[in-house]
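Novice: The primary structure of each chain is shown beneath.
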Amino acid sequence: MSQPVMVSGPISPPKSKNSRWTYLDNVRRHPGPFTGETFNSSEEAVSLMDNLKVLVIGAGGLGCEILKNLALSGFKQIHVIDMDTIDVSNLNRQFLFRASDVGSSKAEVAARFVEKRVRGVSITPHNCKIQDKDDDFYMQFNIIVCGLDSVEARRWINSTLVNLVDDENEDSLKPLIDGGTEGFKGQSRVVFPTITSCIECQLDMHAPRAAVPLCTLATIPRQPEHCVEWAHIIAWEQENPFPTLDNDDPEHITWLYKKALARAQEFNIQGVTYSLTQGVVKNIIPAIASTNAIIAASCCNEAFKIATQTNPSLGMAENYMYYTGNDGIYSYTFEHLKKDDCPVCGNLARDIEVDPNFTLQEFIDSLAERAEAQLKKPSIRADRTLYMQSPPSLEEQTRPNLVKKMGELVGNGDEIGVTDPSLGAVNFKYKVKFSREFRGAVVKENID
Amino acid sequence: MTDIIIDQTPPILHNPSDKEKKYDRQLRLWAASGQQALEDAHILLLNSGSGAVGIETLKNLVLPGIGKFTIADEAIVDEADLGVNFFLEESSLGKLRSECCTKLLQELNPDVKGDWFPHEQGETLEHLFGSEQRFTLIMYTLPIEPKKVDLIHKHASKHKIPVISIHSAGFYSYFRIRLPGNFPIVETHPDSTATTDLRLLTPWPELLQFTESLTENIENQSALEHGHIPYVALLLHYLGKWKDIHGSLPATYKEKTAFRDTVAAGARRDNPEGGEENFDEAVAAVLKTTSLPTLPSSVKEVFDYSPSDVRIGTQITREPMLMDYQNQMEASSSFWIIAGAVKQFYTKHGALPLAGSVPDMKAQSTVYVKLQNIYKAKARQDAAEVLKIVRTHPSGKDIPEAEVETFCKNAAFIKVIRGTDTAPLNIQDIANKEFDSDENAALASMPLSLFPIYISLNATSHVAFASSSDILTAISKSIPNAASNSRLVQAAEEVARAKGGELHNISALTGGMAAQEVIKIITKQYIPIDNTCVFDELLDLEAVMRRILEMKGRESYIGGGVAGPDILRSTASA
Ligand SMILES: [Zn+2]
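From first to last, the protein sequence lines stand for chains G and H. Each residue of the first sequence is one higher than the one before, counting from 4 in our numbering. Each residue of the second sequence is one higher than the one before, counting from -18 in our numbering.
Think of the hints as simulated: they come from the structure by calculation, not from any bench. There may be inaccurate statements among the hints.
To be verified - Cut-off 25 Å, straight-line C-alpha distance, at most; resulting in silico cross-link-like pairs (DMTMM-like, lysine to aspartate or glutamate): (1) G:K285 <-> H:D172; (2) G:K285 <-> G:D87; (3) G:K432 <-> G:D358; (4) H:K357 <-> G:E228; (5) G:K285 <-> H:D(-1); (6) G:K341 <-> G:E356; (7) H:K84 <-> H:D131; (8) G:K119 <-> H:D(-1); (9) G:K341 <-> G:D169; (10) H:K0 <-> G:E228; (11) H:K2 <-> G:D251; (12) G:K56 <-> G:E173; (13) G:K119 <-> H:E80; (14) H:K505 <-> G:D330; (15) H:K324 <-> H:E258.
This one's a predicted model, so the numbers in the text were calculated from it and none came from an experiment.
Bound conformation, chain H alone:
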């Protein structure tokens, strides 16, 4: 072993590795932990139909460096493939599409392994799913034979694998995500403008001492000192004075604006600038720092839910033993143990564990660093208390401390995408609701429902192509008056126009969106779309419709061809 001399100055430099150089632009989004998750992933694509959208999705996953992908596709490359699929070339004609695409995709990133299926004629999906290899996520493209869909969902539900189905035809496309059970996310990456709770209404002794040391004799301080008191200390100082006079902290809006005037009046204006920056910052921060933080609804949802007592609806009838076992498994996962501990912490203190970060503010360097340390120390203390509760849980002793700390740091932003336990909705009901709300939407210039596109594309899930009357006939089985609804008729006509063929742009766009979702699911960072059909291998509209109903104006379906007022109605104009 060689001797290592550790020298304080110059500091030890960490220059980037080759991998860090190559992935620099994405590591800034999901860091090394997200990258590792991608590199551990093996993604299966069951390719079907005109076959471009799945390959475009994979391209966007091979580039950032997933560990491995497998393409299952029995189609033989023909002329039309070369007009829509970029990962085929002249020499691919007449060869197995899966093999050709695999090879050309692999060229994009030598760190990624690629494989195709079938290797030999006669190999079936049963062989693929019967093998030892486990997939992290399965994607399949439509149209596809129903028996394949059955196989995929059986396999996915048995091994708890997320499934994404994608359908792109002409100017239209949609994709659906089915997550195997509840999907908790800790690192949701809230917007930088999301407020951090600074606890100015419930300060702790160290913070108060710090404030006192800076605001003692505030009237007689030098211009330099006075102009550099960090706004956290200024606000605490004036809150203390307010309380002395009024007996309580400013609570109503009127009191808060009066308080804001008091703070503003404290600034010295007899200088060339005519004011002080730190006081400006304090004034601007009054309203957001003088309200007690309420529990964010997504956190409340986590607190209100306990995996062990999940209500089991009609879906349990399928495999009750498995369901119970899985609930137990979920209950003993680290997320729910830590969530339970944070809930106890919240019940006791009326606040979530402190995140510990301090926004930048005008201050002397040493003073600011001191303030940072006070917040960090408090955050560590809160996390230690949560850790203590975690350790009392029968399965809590092996949970790494770092995981608890990350959880506490993000506590205000955690989220669970939940499975649903209600029976599937009736399509007729959904249709009625969607068309009713469209009548109001038209009046309020709100976006119209994309339901007609979904239902029309979906009618062609298992056929190469269909005429608009075929599509409408199929739809009328569940929506009796389909043929008299002009929006349904138009959507059916647009789907029929494509004759089952993809347009490269729409498939590239859809492949980009689907790949973003795959990355979010695999890295467990950021928030995937809320589309949660648990263990449901039947083609069930409910989850998809829930998305449409709850997120009007959000677009999980692309009306790529018709950006005009018919499909993607604007909600704002600048």
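Bound conformation, chain G alone:
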């Protein structure tokens, strides 16, 4: 049995004369069966979009797609921020760049390209770090769309936007739309800061890879990755072949590769290659154009729906979309709930199990691996400051505490505060629960 189809002549959709935005207007000027109450199809409502300011964070694989999509969704005022320059390995997916652009600023090249291609759109590039901009800068935008590959940058912008919210001023609430990909998989999510689950609330969904113990690297390597990590962490420190390690300098990677290969030969380990070395050292995540296209378009579709109310957007109920194309196609959308003990948008302390026989240094190290913390440079205070990463004078003053046992510094049930300025206004409130008995302030034994 064949399907019901209608047949007519040559096929081209109807369009109003000379209107570039005919197809957009089909949905902007007409409600559909699912359109909500707030939808307004008037000329004025549609032209409001001309003045909406969108900030795109990241001009990489997702960023290039996002800029293209926003420009073709009717947004006219777009800013893009990215501190990176173009590398040859970007060209397999970052389609706004050509071989001749290698070495130039991503933000600038991307902005120029889309402005030239799509008439009437203004794209302002910012070739700098997101941390270089202040609250006033972020305050000017209506929507923020992120295409980032760094958890730290996501956490920083998230905490900045949560702190920007002023209950007296409804414009201070900036919807944050975030995308991420890895290989054939990806996710997109919408955050209404202070109202719905934020990036920090969701941090434990993206657990960091467990670090290989140092003693494995130093004495009993088994995998090619162990040899690379050894070259990266131990051999480089010992030999200092160049003043500072630059992950993007092929000469530096080659040095590490040679070291790792020699070590692998010593231990009869197979599989050390240049590609593996680079992958481990730079923590490379596989990336392809098609997955970026899916995730970026999903983010921009949400931005479009938030701006136009043409159809219900993600955010207030379902706020997280997961996609994988490894085995067939699978995607699901769900609501991630806001956490009362979120260090950014909540205010309750969360319990933390602490071994009182750990030194403060060991406790700090453990915070890097906890999925819900992932803090690399935390400062810690209890009823007094226990350790501060900066300024240097305070660091020096508090450094002696690092070798003291936790049991000496805090009591069972005490509340401690953990901050990390590199992540913005992230402030962890922890209630200490001792995991075992404190054996007293004895000299630390050498473990392993």
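Starting from the known structure of chain G, fit chain H with the ligand onto it as the hints suggest.
Specialist: What follows is chain H with the ligand alone, placed relative to chain G:
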């Protein structure tokens, strides 16, 4: 010829080539073999309608470096094109759309060849398909004239070319894949958490000797030795002791947890750490290593199927001679010959060939490498046995050894996406089933069927646009009560709202999904969606519906505009 001095140290370095640098991020997914397949591919796009979704799909294929693409499209670029298609510019207005898009797509990657069609006025699709060039895969976008669809499917079925059709309008889209016959995949890239069979219940002599050498006198070993016995050896040691006491290996869940306690009790706890990492690893591995692996269902499906005795249903009536010939061709392909050999191996040994990899575990370097070599040697031995069977097949003598080895390494994860041989289902039946299951889905907060979107979009397959009442009238020809079904009415209204025009975001999203599928089909890696209509150029719902029916909650249709509870219902909340 120059003299080459081979020196053991320093080792020979392989620095990346320019191509490896450019494609680094994707070679990590599909390796050089997948890249070669892409570079050998020539993809034809028949572009139609508002024309963006096909170009977005191609963009995602030009970037990773397909060999060549051809765009067939007679449309002339107008203002509306510039509002939806990124690969057109102001100067394209009034020119041939296929030519303009080809040129701007080609800019993305100088390694890719691009061509357009028609070059001259009056050239028809018959000319294109009549030429010598062969396409690896054909994509076409909807709406499109039915006679073109006919031509595409005739050509594709004659030359066994996969076809993907894509329809994007407003907030909705779908695409369909038609593979020319069964589609076997060896390199499915299972998740890293997929378990590797370590054969601890059926160890071979070398593995047992290795265990004995490490666990002899285990009570009196130094802390260093005891704490570094790899968990494979620990488990084998304690399994041996268990068998000595109980006469058989732990089989029930209760026995296995008791066994786990025995292993845990073996750890020394009088050290600063209060335990031993290798014993922790052993304890954690007990349950997954003490069950005999069952044959995965996808492998069983391969074993149960033999291409030479495929049941031929109603579809054979079209070209019976061709069908027989193709079955023979398929039966003599290397995949089915190796699959047959692996099946024989399995029947004889009760196990698939060993994959040969060993997960990382706490151990001294030399001991771990030794363990790896024991597994590798066994895997090679298994593969050699399979190769021997392969060589006895009349067409098996030319199959490369490496192909057999790759097959054996992946044996537990091979998969065939099969063609269907049953008659097409009745749309009314599908509709009833879909709407019935929706009633249950609503109660269980399961996703609702996307069938209304598909059927509504599909009603506009050959027209520029249609009103919702036109769409419902068309649907009512096969679903008599269509106009009284609220979900059908809503879907028809949403489709009508778009007036046949695409939204760039939805087309970019759909183009990304379709490109992923094209890559999987061309590289024969990862698993494409299961949508297998064999030699069926008629617009046949059955295959598509099978997907909807079997994979509830999986989304081959985008309800991009309506992420709310109506279309994409969540199945989980965190
Ligand atoms: Zn939060």
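Novice: Now look at each hint and say whether the structure bears it out.
Specialist: So, going through the hints one by one against the coordinates:
Taking the CA atoms of G:K285 and H:D172, the gap is about 22 Å. The hint holds against a cut of 25 Å. Of the pairs offered as hints, the one joining G:K285 and G:D87 holds, with about 15 Å between alpha carbons and a cut-off of 25 Å not exceeded. Distance check on the hinted pair: G:K432 and G:D358 sit about 18 Å apart at the alpha-carbon level, within 25 Å; holds. For the given pair, H:K357 sits about 19 Å from G:E228 by alpha-carbon distance, which is consistent with the 25 Å threshold.
Distance check on the hinted pair: G:K285 and H:D(-1) sit about 19 Å apart at the alpha-carbon level, within 25 Å; holds. Restraint check: the Cα-Cα separation between G:K341 and G:E356 comes to about 22 Å, which is no more than 25 Å; the hinted pair holds. Distance restraint check for H:K84 and H:D131: the Cα-Cα separation of roughly 29 Å exceeds the 25 Å cut-off, and the hinted pair is therefore not satisfied. Distance restraint check for G:K119 and H:D(-1): the Cα-Cα separation of roughly 30 Å exceeds the 25 Å cut-off, and the hinted pair is therefore not satisfied.
Taking the CA atoms of G:K341 and G:D169, the gap is near 19 Å; set against the 25 Å cutoff, the hint holds. With a C-alpha separation of about 24 Å, the suggested pairing of H:K0 with G:E228 holds against the 25 Å cut-off. Distance restraint check for H:K2 and G:D251: the Cα-Cα separation of roughly 12 Å lies within the 25 Å cut-off, and the hinted pair is therefore satisfied. The straight-line distance between the Cα atoms of G:K56 and G:E173 is roughly 15 Å, inside the 25 Å bound, and the hint therefore holds.
With a C-alpha separation of about 20 Å, the suggested pair G:K119 and H:E80 falls inside the 25 Å cut-off, and the hint holds. Between H:K505 and G:D330 the alpha-carbon distance is near 12 Å, which keeps this suggested pair within the 25 Å criterion. Restraint check for H:K324 and H:E258: the C-alpha separation of about 39 Å exceeds 25 Å, so the hint is violated.
Going through the hint list in order, the structure does not satisfy hints 7, 8 and 15.
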